[in-house]
Amino acid sequence: MIDITDATLAKQALYDQLVRTTPAGEQVIDLRDEVLAAILELAPTGRTILPSERASGRPPDLQEGVHLEIPTTDAEWKRVEEFVYDTYLELGYTEENRDHEVAELAEYRSRSRFHVAVNADGGIVGSLRVIMGEYHDLPVGKFQRIDFADEEPMCHMSSIVVDPAARSKGVIEHLYRAGWADGVRHGARTISGLSERWMLEGFREVYCMPFVPSGVPEWYMGGEVIPMTMSTSVAAMEQVARANPEFWLWNLEELTDQEVEHFGFSVLRAAPKV
Numbered sequence: 028m029i030d031i032t033d034a035t036l037a038k039q040a041l042y043d044q045l046v047r048t049t050p051a052g053e054q055v056i057d058l059r060d061e062v063l064a065a066i067l068e069l070a071p072t073g074r075t076i077l078p079s080e081r082a083s084g085r086p087p088d089l090q091e092g093v094h095l096e097i098p099t100t101d102a103e104w105k106r107v108e109e110f111v112y113d114t115y116l117e118l119g120y121t122e123e124n125r126d127h128e129v130a131e132l133a134e135y136r137s138r139s140r141f142h143v144a145v146n147a148d149g150g151i152v153g154s155l156r157v158i159m160g161e162y163h164d165l166p167v168g169k170f171q172r173i174d175f176a177d178e179e180p181m182c183h184m185s186s187i188v189v190d191p192a193a194r195s196k197g198v199i200e201h202l203y204r205a206g207w208a209d210g211v212r213h214g215a216r217t218i219s220g221l222s223e224r225w226m227l228e229g230f231r232e233v234y235c236m237p238f239v240p241s242g243v244p245e246w247y248m249g250g251e252v253i254p255m256t257m258s259t260s261v262a263a264m265e266q267v268a269r270a271n272p273e274f275w276l277w278n279l280e281e282l283t284d285q286e287v288e289h290f291g292f293s294v295l296r297a298a299p300k301v
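For the sequence shown, this note's numbering gives the first residue as 28, with consecutive numbering after it.
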């Protein structure tokens, strides 16, 4: 057994799996290999973001009366769990259970934190769960990894749910920004997540975030999803700043001036030219 938590060994294991040696001693790549087929299919995404006419620009402010919170009590946590569970159950992402929580995510509770959008009446209209850990500790770790470039530890974003009445009003962007800042503050070198292909393309083309596939797509929680990662390095964030400057500068508003300086993002304060 090879410990795939060691990046060097894991890369060699992947190489050994893809490369075949012929009876004549030649090394070739077997194009019938399922892993290689997945790599070739996903490869065009890359870590460089090209200019996009669909770039989002600055997201709208939250509508009046809506604000973000971090649940801290058991009762608050339970409310968010039920909010996510009810939506996932309706969409077929999880099975019904008596605990009214998404069973597939229960194992991650100890290293999770929720960010929620709450309206003026105290009702939850949006949620995002951040899970901190090494790649193999996170939901992406359930997939066969094919890209080892992005570093650990990681901040995994999950349970991204928005009430239909609050969609297209900036809630999801504000939740993402809070989760991204949370991860950066807690030392995450990479943001990870699971998405369908159209969502991965949207992250790259609309928000200009350099997410890349990190594993082989599989059927998981109601659909075929792609594990993906995005470095939080200055070099990676420069891609966002260059291709979607208004969105990037809006992201920085979540951090203090001291944090911007500490994480090296001060060089990206001025909106770069595309």
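Hints are computed from structural coordinates only; laboratory data are not their basis.
Mixed in with the good hints there might be a few duds.
[To be verified] Distance ranges between label pairs, derived from CB positions:
#1 G92 with H289: 20 to 26 Å
#2 H213 with E134: 34 to 40 Å
#3 A130 with Q285: 21 to 27 Å
[What the hints assert, rightly or not] Keeping only pairs whose Cα atoms sit at most 25 Å apart, straight-line, the calculated DMTMM-like set for lysine to aspartate or glutamate is:
#4 K105 with D190
#5 K196 with D126
#6 K105 with E80
#7 K196 with E288
#8 K196 with E228
#9 K196 with D164
#10 K105 with D164
#11 K196 with E273
#12 K105 with E200
#13 K169 with E251
#14 K169 with E80
#15 K169 with E91
#16 K105 with D174
#17 K169 with D148
#18 K196 with E123
#19 K169 with E96
#20 K196 with E179
#21 K196 with E178
#22 K169 with D126
#23 K196 with D101
#24 K169 with E223
#25 K196 with D174
#26 K169 with E122
#27 K196 with E134
#28 K169 with E103
#29 K196 with E122
Keep in mind it's a predicted model, so treat the numbers as computed, not measured.
Just so it is clear, CB atoms sit at the ideal spot from N, CA and C, and this is done for glycine as well.
Outcome of the hint check:
1. G92 with H289: 20 to 26 Å: Since the Cβ atoms of G92 and H289 sit about 33 Å apart, the hinted range of 20 to 26 Å is violated.
2. H213 with E134: 34 to 40 Å: Since H213 and E134 have Cβ atoms about 20 Å apart, the given range 34 to 40 Å is violated.
3. A130 with Q285: 21 to 27 Å: violated, 41 Å
4. K105 with D190: holds, 17 Å
5. K196 with D126: The given pair, whose Cα atoms are some 31 Å apart, is violated under the 25 Å limit.
6. K105 with E80: violated, 41 Å
7. K196 with E288: Between K196 and E288 the Cα gap is close to 30 Å, so the pair fails against 25 Å, i.e. violated.
8. K196 with E228: holds, 21 Å
9. K196 with D164: This hinted pair is violated, its Cα atoms lying about 33 Å apart.
10. K105 with D164: holds, 23 Å
11. K196 with E273: holds, 17 Å
12. K105 with E200: Given that 25 Å is the threshold and the Cα spacing comes to 24 Å, the pair holds.
13. K169 with E251: holds, 13 Å
14. K169 with E80: violated, 35 Å
15. K169 with E91: violated, 40 Å
16. K105 with D174: Violated, at about 35 Å.
17. K169 with D148: violated, 38 Å
18. K196 with E123: violated, 30 Å
19. K169 with E96: violated, 30 Å
20. K196 with E179: violated, 33 Å
21. K196 with E178: Roughly 33 Å between the alpha carbons, so the hint for K196 and E178 is violated.
22. K169 with D126: Distance of about 23 Å is within 25 Å: holds.
23. K196 with D101: Violated. K196 to D101 sits at ~29 Å, over the 25 Å cutoff.
24. K169 with E223: holds, 16 Å
25. K196 with D174: violated, 34 Å
26. K169 with E122: Holds - the C-alpha atoms of E122 and K169 are around 19 Å apart, at most 25 Å.
27. K196 with E134: violated, 32 Å
28. K169 with E103: Violated. K169 to E103 sits at ~29 Å, over the 25 Å cutoff.
29. K196 with E122: violated, 29 Å
The earlier numbered hints that this structure contradicts are 1, 2, 3, 5, 6, 7, 9, 14, 15, 16, 17, 18, 19, 20, 21, 23, 25, 27, 28, 29.
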